[in-house]
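If you want the building blocks of each chain, they are given just below.
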Amino acid sequence: MIDRDAIRDFYDDYYAVLDEVRLNEWPAFFTEDCIYRVIPRENYEAGYTLSTIYADSRGMLIDRVMGLTRTQMYAPRTYRRFPGPLRIVSRDGDAVRVRHNLLVVQTLIDKPTEIVLSAVCHDVLVPDDRLRLSERVVVFDSEMIPNSLIYPA
Amino acid sequence: MIDRDAIRDFYDDYYAVLDEVRLNEWPAFFTEDCIYRVIPRENYEAGYTLSTIYADSRGMLIDRVMGLTRTQMYAPRTYRRFPGPLRIVSRDGDAVRVRHNLLVVQTLIDKPTEIVLSAVCHDVLVPDDRLRLSERVVVFDSEMIPNSLIYPA
Amino acid sequence: MIDRDAIRDFYDDYYAVLDEVRLNEWPAFFTEDCIYRVIPRENYEAGYTLSTIYADSRGMLIDRVMGLTRTQMYAPRTYRRFPGPLRIVSRDGDAVRVRHNLLVVQTLIDKPTEIVLSAVCHDVLVPDDRLRLSERVVVFDSEMIPNSLIYPA
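Chains as they are written, first to last, in this note's numbering: chain V, 1 to 153; chain Z, 1001 to 1153; chain C, 2001 to 2153.
The hints are simulated quantities; they were obtained by calculation from the structure and are not laboratory data.
Since we're looking at a predicted model, the values are computed, not measured.
Mixed in with the good hints, there may be bad ones.
[Unchecked claim] Below, in silico cross-link-like pairs of lysine-lysine (DSS-like), each with a Cα-Cα straight-line distance of 30 Å or less:
(1) K111(V) / K2111(C)
(2) K1111(Z) / K111(V)
(3) K1111(Z) / K2111(C)
All chains, please: the whole structure from these sequences, using the hints.
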């Protein structure tokens, strides 16, 4: 059974990798046949599946990262992620549904820090050879497509 | 004795209900003869009891929710709550005093997310038939009455 | 061995003291020969040691607090700190390296709350007669010197 300590450690690692922009390590947090979606709240609640970002395999996440690291300039900006408390919503066999809020702030050089993402994450964690996300749906509050989503959430 | 796990679970549920605007479920987190106050920091520290919101029974909280759900339009906005670490301040018999910071952010359609409440919550939890708040005092930092207080904190 | 509960309690106390502006109690969280640095991310990552604030003893922290409490007017503002999850990075004998994000928000009278610091803290905790910081490096994301650093982070 995936316990609370394992879940906490998983997210500590997950968000550290993103904060430190070690993007090449990001896809390994997902299973081979994962679902990864980033979707505005209105679409999500209306039952639409139209997502701002959609991937249904780890391979697609790897492609995404390769595209990012090849074409993006390292902008003089920092993203920092503040996850809220991790809630275990339910268990289904070995899988565990975890929900938590996420606040992402951005700092540009010589600008005040601002919030660029307020979201709730609906995740499913499974015990692969190590703990991995078989599903991650990031439901963000805005209708605007946040610039912050250049990088993964 | 109310242990840390029970306290964490309590607040996970409490803030989930508010984030998901399930307002009808909110009064049940309080005891029948609860005290619920929302008060600006200056008044609180000066020892004034003049509160922006005051209720001294669960019945008053139910009235408040009924008023809200009857008269308020569902504005195209989302509130999301980010509680800080839960600190156990003291125990008095079965009751436990819990203090934590609270950040509430608001997202309007096509607007950047902004902070609408920065506060510290002085709570007392008691083992009723289930865990409940016998007291909750939300001390907010601003002198302005935050719009966010249309909805409960 | 310093366990997770002790670490959590340490930071609960640390940030409570700062939020409540009990500055005289702040230096006692550090060892006699501590290192305390606040440094912008660019300098830190480039390996420069040029810090916005630097102290290499508890005595220097005491001096700093005395200077603050003597010369500063109590501005009508509130700082509130929101630490992210506490990550244990490594252990070296009795010492433990702890890393966590830190968001500091400021509220001025009649102004909306704003973010004044987004940072990652690289700390080393040791079991002195009580738990203390032998090192604390606050790496902040901005290039601007935040006003918030009038007070300790």
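>> Please list, smallest to largest, the hint numbers that this structure does not respect.
In response: The structure conflicts with no hint, since it agrees with every one listed earlier.
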